[in-house]
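S.K.: Now for the letters of each chain:
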Amino acid sequence: MSIDPSLQRRGFLKCMTWAGTAMVWTVAGGVPRSRLIGSAEAAGTDFTFVQISDSHLGFDKPANPDVTATLKEALDDVGKLQKTPAFMIHTGDITHLSKPAQFDTAAQLCGGTKLTMHTVPGEHDILEEDGKSYLNRFGKGTKGDGWYSFDAGGVHFIGLVNVVNLQGAGLGNLGHEQLEWLEDDVAHLSASTPIVVFAHVPLWIVYQDWGWGTADGAQALSYLKKFGSVTVLNGHIHQTLQKVEGNVAFHTARSTAFPQPSPGSAKSPGPMVVPAGELKHYLGIASVSLVSAKAPLAIVDTPLAS
Amino acid sequence: MTETLEPGGFARRLLLRRALGVGVAAAIGGRMAAAAEAEIVIDNFTFSPTPLTVKAGTTVTWVNHDDIPHSIVCPDLKVKSHPLDTDDTFAYTFEQAGTYDYLCGLHPHMHGQVVVA
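From first to last, the protein sequence lines are chains A and B.
Every letter in the first sequence is one number past the one before it in our numbering, and letter 184, counting from 1, is 184.
Every letter in the second sequence is one number past the one before it in our numbering, and letter 4, counting from 1, is 310.
It is worth saying that the hints were derived from the structure and are not from the lab.
Check the hints yourself; a few may be wrong.
[As the list claims (entries may be wrong)] Okay, the calculated bits of chain B under chain A, using three or more residues with CB under 8 Å as the criterion:
hint, segment
1, 343-357
2, 373-385
3, 405-415
Note that the coordinates shown come from a computational prediction; the quantities given were computed from them, not determined experimentally.
Backbone N, C-alpha and C fix where the C-beta goes; we use that ideal spot for every residue, glycine too.
All chains, full assembly: derive it from the sequences and hints.
M.R.: See below:
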């Protein structure tokens, strides 16, 4: 994979932004890696969790004829982490076509890690039975189309659904009911509570022409303004993008299945076929460590092959 | 429905219609049959042609040539197709004159229009 020098420069500029909040960034091999100053490895007491995304089980086209194998490999890497993470988050497009067999494979493979998995649906997970095939398996105890929140390791986690009732504007959509729930959900929390929001489609507008953003994402974020540390984890675009805006750190994860082109760099956002042997450089997992309640979370996005 | 408008399929359909004893008029010439059927291709996250102008009674078939599934959603007609995987098709017969906007249910930045004259 070739590295655009401007990307490196941008990466380092971000590095500067994060350095102010006790975070150091390096860009190596095109992969941004973040860690807190002076702690290359998460310490034994740190709270860590893992994010995977866009496994697209059932996809079998040239961009990756064996998405089951690459998901397995990603999960094997999770198993090799020095510190066992608290749980795993899957930010959607678990399956490619919402087929029962595809959900079964996901449940079986992810269950093999022995980690609790928290999920939100992608648009590929709600193609059958108005989303019930997803909700029946992964949506127990959730509200509406599958949104929910929980607390772990001193962090308040919020899973949002922005792939239902997509409108002509072409962007992800949370909708009135979910926004009201969100406002209420965080109302009682103290401003020092670290917040992690995870949803499939990026909550901020990455690239409108391809629908890479959420129409009412800004409204959701407005409810989180009082918090000192907000981390937003998304998938959908099959590549790592990060930005920091005030107290909010945005991160999109790689897919475990196939890469997609960078915004506007191709005619369409369809699956990107990469040279043989290079695919695994484009796929991966993200592990996240909570180190300080004051700083955004440290995210290390690891490609399957480095 | 998996048929497309490639010549072989067309001929097969005509034979089938003859065998069933219906659609004899359609067999008189390709011209008449073509007026009653039209195709919209999905390629690179784009519907083509769009807008598509047809006569009332025309059956429009969408075929997906992308490596990613798409679907057809037309709110005005309350039409929602199943997800079309690669090379899958969806057909709908437009009975009433009008202008119908549709989009892809998975990628709603994809827009198309069928004008029924």
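S.K.: Would you mind marking each hint as holding or not holding in the structure?
M.R.: For each hint, the structure was consulted:
Counting residues of the segment 343-357 of chain B whose beta carbon lies closer than 8 Å to any beta carbon of chain A gives 3, which meets the minimum of three for the stated coverage. Counting residues of the segment 373-385 of chain B whose C-beta sits closer than 8 Å to any C-beta of chain A gives 4, which meets the bar of three, so the coverage hint holds. Requiring three or more residues with a Cβ within less than 8 Å of a Cβ of chain A, the coverage given for the segment 405-415 of chain B holds, as 7 such residues are present.
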